[in-house]
Amino acid sequence: MKKRKARLVQGNRACAEGALAAGVRFFAGYPITPSTEIAEIMSEELPKLGGKFIQMEDEIGGMTCILGAALTGKKVLTASSGPGISLKQEAIGYAALAEIPCVIVNVQRLGPSTGGPTSTAQGDIMQARWGTHGDHPIIALCPSSVYECFTLTVTAVNYAEKYRTPVYVLLDEIIGHMREKVEFPDISELEIIDRKRPDCPPVDYLPYKIDKTLIPAMADFGTGYKWHVTGLMHDETGFPTGKPEIIDAQLKRLMNKIEKYEDEILLWEDIETDDAEILIVAYGSTARSAVEAVENLRTEGIKVGLFRPITIWPFPEKALRSKLENVKHIIVPEMNYGQLSLEVERVCKDKAPVSGLYKVNSLPLSPNEVMAKVREVL
Amino acid sequence: MKRWEFRLSGTGGQGLITAGIILAEAAVIEGKEVVQSQSYGPEARGGASKAEVIIDTKKINYPKVVIPDVLLAMSPEAAQKYGSEIKEGGTIIVDSSFIENFVNEKAKVIKIPITKLAKEEIGKTFVANIIAVSALVGLTKVVSFEALKEAVLNRIPKGTEEINIKALEIGWRWAQEKV
Numbered sequence: 001m002k003k004r005k006a007r008l009v010q011g012n013r014a015c016a017e018g019a020l021a022a023g024v025r026f027f028a029g030y031p032i033t034p035s036t037e038i039a040e041i042m043s044e045e046l047p048k049l050g051g052k053f054i055q056m057e058d059e060i061g062g063m064t065c066i067l068g069a070a071l072t073g074k075k076v077l078t079a080s081s082g083p084g085i086s087l088k089q090e091a092i093g094y095a096a097l098a099e100i101p102c103v104i105v106n107v108q109r110l111g112p113s114t115g116g117p118t119s120t121a122q123g124d125i126m127q128a129r130w131g132t133h134g135d136h137p138i139i140a141l142c143p144s145s146v147y148e149c150f151t152l153t154v155t156a157v158n159y160a161e162k163y164r165t166p167v168y169v170l171l172d173e174i175i176g177h178m179r180e181k182v183e184f185p186d187i188s189e190l191e192i193i194d195r196k197r198p199d200c201p202p203v204d205y206l207p208y209k210i211d212k213t214l215i216p217a218m219a220d221f222g223t224g225y226k227w228h229v230t231g232l233m234h235d236e237t238g239f240p241t242g243k244p245e246i247i248d249a250q251l252k253r254l255m256n257k258i259e260k261y262e263d264e265i266l267l268w269e270d271i272e273t274d275d276a277e278i279l280i281v282a283y284g285s286t287a288r289s290a291v292e293a294v295e296n297l298r299t300e301g302i303k304v305g306l307f308r309p310i311t312i313w314p315f316p317e318k319a320l321r322s323k324l325e326n327v328k329h330i331i332v333p334e335m336n337y338g339q340l341s342l343e344v345e346r347v348c349k350d351k352a353p354v355s356g357l358y359k360v361n362s363l364p365l366s367p368n369e370v371m372a373k374v375r376e377v378l
Numbered sequence: 001m002k003r004w005e006f007r008l009s010g011t012g013g014q015g016l017i018t019a020g021i022i023l024a025e026a027a028v029i030e031g032k033e034v035v036q037s038q039s040y041g042p043e044a045r046g047g048a049s050k051a052e053v054i055i056d057t058k059k060i061n062y063p064k065v066v067i068p069d070v071l072l073a074m075s076p077e078a079a080q081k082y083g084s085e086i087k088e089g090g091t092i093i094v095d096s097s098f099i100e101n102f103v104n105e106k107a108k109v110i111k112i113p114i115t116k117l118a119k120e121e122i123g124k125t126f127v128a129n130i131i132a133v134s135a136l137v138g139l140t141k142v143v144s145f146e147a148l149k150e151a152v153l154n155r156i157p158k159g160t161e162e163i164n165i166k167a168l169e170i171g172w173r174w175a176q177e178k179v
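Chain order of the listed sequences is L and H. The numbers in the numbering used here rise by one with no breaks, and the one at position 212 of the first sequence is 212. The numbers in the numbering used here rise by one with no breaks, and the one at position 44 of the second sequence is 44.
These are calculated hints, taken from the structure and not from any lab test. A hint or two may mislead.
[What the hints assert, rightly or not] Simulated restraints on C-beta separations:
#, chain 1, residue 1, chain 2, residue 2, range
1, H, K116, L, E369, 37 to 43 angstroms
2, H, K59, L, D263, 29 to 35 angstroms
3, H, G41, L, G242, 49 to 55 angstroms
4, L, E277, H, K116, 55 to 61 angstroms
5, H, V103, L, D58, 50 to 56 angstroms
6, L, E345, H, E105, 46 to 52 angstroms
7, L, V377, H, E121, 55 to 61 angstroms
8, H, G123, L, E300, 21 to 27 angstroms
9, H, F145, L, E277, 46 to 52 angstroms
10, H, E121, L, K48, 36 to 42 angstroms
11, H, V103, L, E300, 45 to 51 angstroms
12, L, D58, H, E77, 33 to 39 angstroms
13, H, Q80, L, D350, 35 to 41 angstroms
Note that the structure is a prediction, hence the values are computed from the model and not measured. C-beta atoms are modelled at their ideal positions from N, C-alpha and C, and glycine is treated no differently.
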């Protein structure tokens, strides 16, 4: 594969470069540690590509501004952390219901509230799923390396466009701020997806039409297609409705459009799972400690493996269940007090007991801590 | 080559994260595997600052230093906080401009008046981090002087080449005298 020369690159920079490679040409935001570098880099690079960067008056403005730009046909990105992501929640719900493609990078920091601006954490796993009110679909991708910060941001932009949905890229402070030697793929080797646009005359256009793809074509504002966008429940035309049968049909389509395509959305990695009796389920920077633990314990003959969900939401439950044949115990290390472990327990509890290994004190979970936990359940 | 773990510690504003990036970029130039990470407080200046660099020939999983082979301490607070965390037989470089009476029985302690040298021989304290990283490489030979020089020249602002090369030479000279 043709690659660029090896460079030392920071995780946050890799996200920005991935977004640009995927065709993002609009960024609005309100810089906040530990995500600030993403805004900085976008502010430098977007004007060179004919794109726009706007530093908004606040976090809410940053989120709503990218939705406006997305409606004009742009691929859009914002990035934030901690309290910033909390402030964006209402607009993320708006994007989910109005089906506006957008990507939100959340570089997780210690919370709640202002918490620890420069400290690592994985406390926003459930916020990514349920941070905004009401049932809604969401996609969240979780990189474990600088390389994946690039490739998964490309994937996030593609998913947003293809499924007309908000997509999170969930980093943690370690992944966002660390630098690694990387060689990113050339742009010509990437699959880039653009949203489906209408091929009918403007007069026939229905922005929320229900067909068998479940994903309606999306017209760019300013191209002659006039349509209504609202956060209220709406019918096929986009205008508000109170009719229960229409609300029901549209909301079911909204929920099912992600479920229908799960086979092409779900991503995961597994290491040494074939004969594993103890399975570690880990993601983000914590998965790196888990890999180290698996490699070390395997040299002692301990049958331990790792399942790493890369799409945290939707959760790759069938894939995880397929790895449980010999598993006697599951361990979920997380830098929170047990968030993804709830999901792992839901999926696996009839097969094996699930133990959490939780740490929330601004420090990472080390390989030694993971190994100690494995030995504890042996 | 063995796995090397470096911890560069001091105060925010001393350029330790830049020094860590330069060391890591020198390793990339030589085709080695490398991860650089950092921790610092929310302050723009002051407060504790720490950069970590791991250099290996194998893939690096855990990106943080577990127990450093080499510690650089550029402030009394950093020496106090990290001074006892060192591998048996490791190397500790202290900036003797700020740190007096430092002892560690497990490691070789190398005292270099880094900031004083930057001030007196170059007239700019901001090159202290370059003197430090050069001494660090000079003592360990983890990368070549040429790779380090290339990394420094890639990273620094135009017009500062001369003073940075001078800083590299000072650090290297002190390291050779201390070996």
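Status of the hints after comparison with the structure:
| no. | hint | in the structure |
| --- | --- | --- |
| 1 | K116(H) - E369(L): 37 to 43 angstroms | holds (41 angstroms) |
| 2 | K59(H) - D263(L): 29 to 35 angstroms | holds (30 angstroms) |
| 3 | G41(H) - G242(L): 49 to 55 angstroms | holds (53 angstroms) |
| 4 | E277(L) - K116(H): 55 to 61 angstroms | holds (59 angstroms) |
| 5 | V103(H) - D58(L): 50 to 56 angstroms | holds (52 angstroms) |
| 6 | E345(L) - E105(H): 46 to 52 angstroms | holds (49 angstroms) |
| 7 | V377(L) - E121(H): 55 to 61 angstroms | holds (58 angstroms) |
| 8 | G123(H) - E300(L): 21 to 27 angstroms | violated (56 angstroms) |
| 9 | F145(H) - E277(L): 46 to 52 angstroms | holds (50 angstroms) |
| 10 | E121(H) - K48(L): 36 to 42 angstroms | holds (40 angstroms) |
| 11 | V103(H) - E300(L): 45 to 51 angstroms | violated (37 angstroms) |
| 12 | D58(L) - E77(H): 33 to 39 angstroms | holds (36 angstroms) |
| 13 | Q80(H) - D350(L): 35 to 41 angstroms | violated (53 angstroms) |
Against the hints set out earlier in the document, violations occur for numbers 8, 11 and 13.
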